[in-house]
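Visitor: All chains, full assembly: derive it from the sequences and hints.
Protein chains: 2
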Amino acid sequence: MASGNLLYAQSGGVTAVINATASGVIGEARARKVKVLAARNGILGALREELIDTSKESAAAIRGLAHTPGGAFGSCRYKLKSLEADRARYERLLDVLRAHDVRWFLYNGGNDSADTAHKVSQLAAEFDYPLTCIGVPKTIDNDLAVTDCCPGFGSAAKYTAVSVREAALDVAAMAETSTKVFVYEAMGRHAGWLAAAAGLAGEGPDDAPHLILFPERPYDEADFLARVRKVVDRVGYCVVVASEGIQTADGRFVADAGGGKDSFGHTQLGGVASYLAGKVKDELGLKVHWTLPDYLQRSARHIASKTDLDQALAVGKAAVRLALAGRNATMPVIRRTADKPYRWKIDSAPLEQVANHEKKMPAGFLRRDGYGITAAARRYLEPLIRGEAYPPYRNGIPAYVTLKNAPVKKKLPAWKG
Amino acid sequence: MASGNLLYAQSGGVTAVINATASGVIGEARARKVKVLAARNGILGALREELIDTSKESAAAIRGLAHTPGGAFGSCRYKLKSLEADRARYERLLDVLRAHDVRWFLYNGGNDSADTAHKVSQLAAEFDYPLTCIGVPKTIDNDLAVTDCCPGFGSAAKYTAVSVREAALDVAAMAETSTKVFVYEAMGRHAGWLAAAAGLAGEGPDDAPHLILFPERPYDEADFLARVRKVVDRVGYCVVVASEGIQTADGRFVADAGGGKDSFGHTQLGGVASYLAGKVKDELGLKVHWTLPDYLQRSARHIASKTDLDQALAVGKAAVRLALAGRNATMPVIRRTADKPYRWKIDSAPLEQVANHEKKMPAGFLRRDGYGITAAARRYLEPLIRGEAYPPYRNGIPAYVTLKNAPVKKKLPAWKG
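Which chain is which? The protein sequence lines are A and B, in order.
Under our numbering, think of the first position of the first sequence as 4, with each following residue one higher.
Under our numbering, think of the first position of the second sequence as 4, with each following residue one higher.
Calculated from the structure, these hints are not laboratory results.
Some chain B residues close to chain A (C-beta under 7 Å, calculated; not the full set):
| no. | residue |
| --- | --- |
| 1 | C79 |
| 2 | S166 |
| 3 | A303 |
Every residue, glycine too, gets a C-beta built ideally from N, C-alpha and C.
Guide: Structure representation (structure tokens):
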């Protein structure tokens, strides 16, 4: 066993299960007698030399991470550019790694993080510093290449399907004298994966959600409103799920039409659901309610998918195994081996294949009319939300873990980033 | 045992557990060999003679109601006025009850429903028709008089506390480089019960939610924004929970300031969280996210409170016992007999004491500065969200029950309401 430390960092938007991946990483490393440092607030902490000594945490706390949402060490939105453009930053990163005897660097994030890890590995080779860089997949957007699905997505998808089903039962009960249309706004700026997951809330043509709006299809207002009217006439009410990223045929985001500035010049924060609800009210004269779950959908550990949790833990453990085996510039990925019954295993892929690619939803997942999902989409999505993985509760609230996050003593001059 | 049927109707906004009350009603009535009819869409179904024969439902379906949110028979927003103003409607109601040999009428709702049940009982006496009217409590607003708490509130409160806790962990992880302020909009037009429940998400002064805005206290924008700034400076981020009903000192709803019409005359649906988020962005220049859970908070059976579920079932069963005992014009209520450990029992109260009263939050529940809850509020609220009562799942989605809702043959001429 080589001596040295392992550095783990979380990047980008957090999820209900990214801490489960951290739990997998730290648990596996402990079993192999490797010390894990964590960067505070993602790559920024690595640049600032703000490191956390995870060996100060109890075994119970590390196990507890697996049922705790958010990012236990802090995350960040901070993108390193190309080696050429950002060379000073990459070199500083290498300095910090070297100063703390970091031999394995695990970067837990999306496309950008895979790219960053890849570049760090190249620079280390150039400087002849013995470092193994591993990307660890994470994103509720489900848009990473190669892997069959992304840890974090399944839980957000389950939240979405369950919430839409529940709200639909409410609307169904109220529709006779009150709310007839309900609009749910799902995250997904570029791809409609979460909006598609809402489709699992129902099965028959009269089941909610009755209409799903995907960023993959242009938003046609007249057609949309006509369909809402038809569904209300036929079913008595209409549940709409709209992806935040829907655009008109000429490429304008509908979210930008809602909101904006009011007549006093004050910011009006709206979004897609707010906009669509306004249209339904104005154009169809129907009573409408709408919801913007926002962060609730990606932090809802209380309704996490067991499949997702298992995969989040597994990629964390696999990342440590890949790291210690010296599999530089790779990422553990999830490979689906069967649909029914669903089976998966952990495989690995070169970071190069993952970095800066974006996985779109296959065209075959969208119904021909563009307002719903196909059987193929169901076959893909359904196993990902399967299984419940409840956190423990104390006094009615999930007993989420707070770490000590003990700082590692700095050894370098302050970073002037 | 007197012969005759029992009529059950659901009224007003539905909850995560109103069907549990229905399950209690039907289960208890079946055990006592009494047939239960249900009105389709609440009191409207009774007026229209649109009745449902619940004896066509299996025992499993009736048990399943206890884990199914929404209103299984449909609800309505339809208020009967005074006996004088709406006498024809009350008489029609009595005609329908008589035509279907209804000897017990159970009306499951809030203040208005208690009032309606009370008036129906008066009229029945006047016409010498042997009817026992029982009000059955239900509302997420927790504003019914006499009862210690209202079935439906505890589950919405648990949803609120859990969601705020989870979102806060997300914001805490992102705050260094991204979202610094998060605003959560809670239901509660007249009283801040649900906003108060959010207070259970944290304990210490630096725990989220950092600021709660109650309708009981005037909204002072300058003071609010100054406090947001202070919390961000001290903690690094700020989680705000705002009741939809907050008003400025001169009595204007803040929700009406957000939204309204845009400069093209189109409806802008906003609300309180949208408005506050806009102010935080414009005035403080901080990155902000916000959520409007809307119906999700009252239909989230997946995160129902066990205490709430038990009480919803219990008031349903008690209502049948009161009815069969001829306790006309009463309501089963929840009486708290101890705080620690929490104990409660079912008692009864005259509908007159419940009807048209609104229970406000005690002044002692609000912190002196008006932005948080006191220890007394915690003592009251905490038992109400305690315990988990998960529904069964099928393929990753709760296995909610759909009833057959077989119609009862009409006997009367159509109602020209």
